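All chains should be modelled from the sequences, with the hints used to inform the complete structure.
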Amino acid sequence: MKQRRLFLYSAALMLSACGGTSADGQGTQTAAKVVMGGPSATIAAAPSKAVALAGNAFITTAPAGAEEEINDNGLANWSNPGTITSAYFRMASAGQVTLGLDARLAGSNNSTIRVTVNGTPFLVKLSVNGARTYPVGTVNVAAPGYVKVDLQGVSKDGGYFGDVSALRVTTSATINYANDPANYYWSRRGPSVHMGYTTPANTEYFYNEVTVPAGQDPEGSYYMANGFGQGYFGIQVKSPSERWVLFSVWDPDGGGKTTLVKKGAGVVDNSFGGEGTGGQSYLSYNWITGNTYRFITRARPDGAGATDYSAWFYAPELGVWRFIATWKRPATTTYLTGAYSFLENFIDTQGYTGRRVSFGNQWARNVSGAWSEVTKARFTGDATVTNVQRMDYAGGLDNGQFYLRNGGFFGDYVPVNQNFTRAATGQQPAVDVTTLPQQ
603 MKQRRLFLYS
613 AALMLSACGG
623 TSADGQGTQT
633 AAKVVMGGPS
643 ATIAAAPSKA
653 VALAGNAFIT
663 TAPAGAEEEI
673 NDNGLANWSN
683 PGTITSAYFR
693 MASAGQVTLG
703 LDARLAGSNN
713 STIRVTVNGT
723 PFLVKLSVNG
733 ARTYPVGTVN
743 VAAPGYVKVD
753 LQGVSKDGGY
763 FGDVSALRVT
773 TSATINYAND
783 PANYYWSRRG
793 PSVHMGYTTP
803 ANTEYFYNEV
813 TVPAGQDPEG
823 SYYMANGFGQ
833 GYFGIQVKSP
843 SERWVLFSVW
853 DPDGGGKTTL
863 VKKGAGVVDN
873 SFGGEGTGGQ
883 SYLSYNWITG
893 NTYRFITRAR
903 PDGAGATDYS
913 AWFYAPELGV
923 WRFIATWKRP
933 ATTTYLTGAY
943 SFLENFIDTQ
953 GYTGRRVSFG
963 NQWARNVSGA
973 WSEVTKARFT
983 GDATVTNVQR
993 MDYAGGLDNG
1003 QFYLRNGGFF
1013 GDYVPVNQNF
1023 TRAATGQQPA
1033 VDVTTLPQQ
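If you count the sequence shown from 1, you need to add 602 to reach the numbering used here.
No lab work stands behind these hints: they were computed from the structure.
Values in this document were obtained by computation on a predicted structure and should not be read as measured data.
From the three backbone atoms N, C-alpha and C, an ideal C-beta is built for every residue, glycine too.
One or more hints might be untrue.
Said to hold, decoys possible - Straight-line alpha carbon distances no greater than 30 Å define the calculated DSS-like cross-link-like pairs of lysine-lysine that follow:
(1) K865 / K840
(2) K840 / K750
(3) K651 / K750
(4) K864 / K840
(5) K727 / K750
(6) K930 / K864
(7) K859 / K840
Unchecked claim - Cβ-Cβ distance ranges computed for the label pairs, FRET-style:
(8) G940 / N989: 53 to 63 Å
(9) R980 / G1028: 38 to 48 Å
(10) A784 / K651: 14 to 24 Å
Right, dumping it as structure tokens:
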């Protein structure tokens, strides 16, 4: 794959545009305006901000064999006319916004690209004049929320359409976008959001029900149902053809290793790293959107300075509880604490996709065998949320259940650090935990 560095260039600009048609002859809903990005572009008085593609753009359409990528410098290897790159920034209020592109052209003498801003197309002509800001156009944004900017190649007289490092955004509205280069990987993954549950002391078992709506299951999604202070348990979309039921327990701080005690049929176990280390167990199982799955976790001290953590999964289409695994964590003596659920995307190139999940009918069972319904939860977010790198997240109550939503650059976000209380159902889990399978 040919790599060519991008060079950042910033300049204020004033846009001039005239009506035109697509250079490739393909019609659009709105006739594209043609912008001639020559060196004589007049400088505008309003300040602009550079929205770096490295942290705010994705390849959203990629034909077979396409080589385009978003790297540390922005959009590179842009040669396929079928590839669409989408960049996003958020406006805090409605208003007018003027766009330009920080770009350079190499590998061609001239190219034409289509830049579509919230559905309004513009044709921009690039030429070999070094790195510079090319004017695009001005649109009116009708409501607060994310602005989507699509880039697609139309014509070129050489091998490449150009390299683009940033959107140049001029507006009187406050804008939000990922602006921390050291954390672009995390901002591209998108915000992770959580529901932290209030459970009684000495909780030995925690029960939760999870429903992923149809169409809310893009690749890279993790719907974590039963988290606790030392691990987590939920379902993932690993690839277009594979889904997992995943149960993991971290190693203790200060040394020591979590070890497998036993596992269920068909369950794979190994160690994990990256975001902490520990023991991982998963069942490859193609769970179905729209179905409600049940999860049970158990924590019980073994009396010798360690704690055993176990997990079970119930699929309604199977009608039986499946044992996942039991892990032993050394230097730990505790029952279940810190019960929570989360929603995340774990593939950075999929950070533009949206997902949603509902969590319902939570219950806790104490060491004496008494069940208590769990109806209170607190909505929180990760550093991508608190550092305002992304604002496409939500959580709260919907139809008597807690829900979480993230990704997709939707506009109506819900502020974090809120408490929610769902109505009690009184529907105690119909399970005898003493008869749950152990293999």
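Quick rundown of the hints versus the structure:
Distance restraint check for K865 and K840: the Cα-Cα separation of roughly 21 Å lies within the 30 Å cut-off, and the hinted pair is therefore satisfied. Note on K840 and K750: the hinted pairing holds, with a Cα-Cα distance of about 27 Å set against a maximum of 30 Å. Of the supplied pair hints, the one linking K651 and K750 holds, its CA atoms being roughly 16 Å apart against a limit of 30 Å. With a C-alpha separation of about 24 Å, the suggested pairing of K864 with K840 holds against the 30 Å cut-off.
Among the hinted pairs, K727 with K750 is consistent with the structure: their alpha-carbon atoms are about 20 Å apart, no more than 30 Å. A threshold of 30 Å between alpha carbons decides the hint, and for K930 with K864 the separation of about 10 Å falls inside it, so the pair holds. Between K859 and K840 the alpha-carbon distance is near 26 Å, which keeps this suggested pair within the 30 Å criterion. The supplied range of 53 to 63 Å is broken by G940 and N989, whose beta-carbon atoms lie about 23 Å from each other.
Take R980 and G1028: their Cβ atoms lie about 23 Å apart, and the range 38 to 48 Å is violated. Range check, A784 to K651: about 19 Å between beta-carbon atoms, so the 14 to 24 Å window is met.
Checked against the numbered hints given earlier, the structure breaks hints 8, 9 and satisfies all the rest.
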